[in-house]
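Undergrad: Listed here are the chains, written in short residue letters.
Number of protein chains: 2
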Amino acid sequence: METHGTPENAAEHTGIAAQDWATASADPQYRAAVVDLLGALAYGELAAFERLAEDAKLAPSLDDKAELAKMASAEFQHFQRLRDRLTAIEADPTPAMEPFAAALDEFHRQTAPSDWLEGLVKAYVGDSIASDFYREVAVRLDSDTRALVLAVLDDTGHATFAVEKVRAAIEAEPRVGGRLALWARRLMGEALSQAQRVVADRDALSTMLVGGVADGFDLAEVGKMFSRITEAHTKRMAALGLAA
Amino acid sequence: METHGTPENAAEHTGIAAQDWATASADPQYRAAVVDLLGALAYGELAAFERLAEDAKLAPSLDDKAELAKMASAEFQHFQRLRDRLTAIEADPTPAMEPFAAALDEFHRQTAPSDWLEGLVKAYVGDSIASDFYREVAVRLDSDTRALVLAVLDDTGHATFAVEKVRAAIEAEPRVGGRLALWARRLMGEALSQAQRVVADRDALSTMLVGGVADGFDLAEVGKMFSRITEAHTKRMAALGLAA
Chain A
1 METHGTPENA AEHTGIAAQD WATASADPQY RAAVVDLLGA LAYGELAAFE RLAEDAKLAP
61 SLDDKAELAK MASAEFQHFQ RLRDRLTAIE ADPTPAMEPF AAALDEFHRQ TAPSDWLEGL
121 VKAYVGDSIA SDFYREVAVR LDSDTRALVL AVLDDTGHAT FAVEKVRAAI EAEPRVGGRL
181 ALWARRLMGE ALSQAQRVVA DRDALSTMLV GGVADGFDLA EVGKMFSRIT EAHTKRMAAL
241 GLAA
Chain B
1 METHGTPENA AEHTGIAAQD WATASADPQY RAAVVDLLGA LAYGELAAFE RLAEDAKLAP
61 SLDDKAELAK MASAEFQHFQ RLRDRLTAIE ADPTPAMEPF AAALDEFHRQ TAPSDWLEGL
121 VKAYVGDSIA SDFYREVAVR LDSDTRALVL AVLDDTGHAT FAVEKVRAAI EAEPRVGGRL
181 ALWARRLMGE ALSQAQRVVA DRDALSTMLV GGVADGFDLA EVGKMFSRIT EAHTKRMAAL
241 GLAA
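These protein sequence lines map, in sequence, to chains A and B.
Heads up: the first sequence at position 80 corresponds to 80 in the UniProt record's numbering, and the numbers run straight through without jumps.
Heads up: the second sequence at position 22 corresponds to 22 in the UniProt record's numbering, and the numbers run straight through without jumps.
Wrong hints could be hidden among the right ones.
A pair counts as met if it fits within one copy or between any two copies, since identical chains are not told apart.
As a list, the in silico DSSO-like pairs of lysine-lysine whose alpha-carbon atoms are at most 30 Å apart [unchecked claim]: (1) 70 - 235; (2) 57 - 70; (3) 165 - 70; (4) 165 - 224.
Don't read these hints as lab results, they were simulated from the structure.
Could you build all of it, start to finish, from the sequences and the hints given here?
TA: Structure (structure tokens):
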């Protein structure tokens, strides 16, 4: 699975990626970066739970509502695994999550969907971007952390569900496509702006992202990663029938 | 567990209560009553999921938020078991749930908590009343249905959590107790009014509730059951430090 979305500089870190947690965590900077990463991911899952539960209220049918509640529940299971992992590596989960709460809450506040379809597009776009981001990071992780990260990114079935519903809605009323395309652009803009805020704030995490604990912070490298994620987003939107 | 909250007329139905589903469901009126009951319970669990997920947003800390999200997730697991059971007895879950959606949605609409403590009291009161009600019913059910109903009523840990938090809040600021007591009275009134609406609308379910498929509908008997549930509520509120 690690080959999915491999960034061009992955080769630099065959070192850490070949180690397990026990070996890799001897480096306190690496350890701090992993605690940051798991904290961000855990808070993201908890926020995703809340968002999906909220969207369930907008569902046009009981079946749709149950489907969203199921996905929300799956996100919560992921949250629990990440929190348990933080505890297992002797990191207090709450302080690990807190630095990421403001950015994620702000993202959700700025992008509250006004209807069922906007909610579906948001969940799909948000999950896909988050998934791309964590897969980029996963290739630089020790084998234990990588296995956990890839496991909680496992598709909860949301993507297929959202794509089907959105496509059907556009087919039934093509003008819906224009509105949702605008919405998806707004989501992407807000996601990038919050992600850049997190990267700028969290040194240990950023240093790991750009692939060099010793080399310091390289904004250009982070920029390239964001470009790759944006390109993938554009392709997904086209597949959905939306101009990105 | 069936001895818990046994109503005085339980003896009448040792007949059905001693049977399993395969035998009891030969009676189409009994079958219809069970489909109603499972439908109501399933929708209730889905609504409880939504309510807890909503309350999680009001949580004063990340730990409290995670605790509520966990309970919401547990309610969703219950919902899934009930839905699967409906499917297993060849009843379509959605039409089974739909007759109860209006009453439950109206209850939640009329009693939207305005803060974290109101949300906790609501969840505690609501869960306890629902639990009392289903335990009253459980004694009249065939052994298979009874086992399922009692399993999904299993405490999700919410009661202890809510009682601790509410007691601590009243201790810290006694005036909070007066406000929450009023709130609990409003909740109980609204719950009874919606429950009576459901009982009046659903013949098969009501007939089973009053304990006689052949004897027809007896409003006095339903009234007695509501009295027992109200008394239990009063005792719980006193234990919580609230005048009921």
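Undergrad: If you test the structure against every hint from before, which numbers come out violated?
TA: Of the numbered hints given earlier, the structure breaks just one, which is hint 4.
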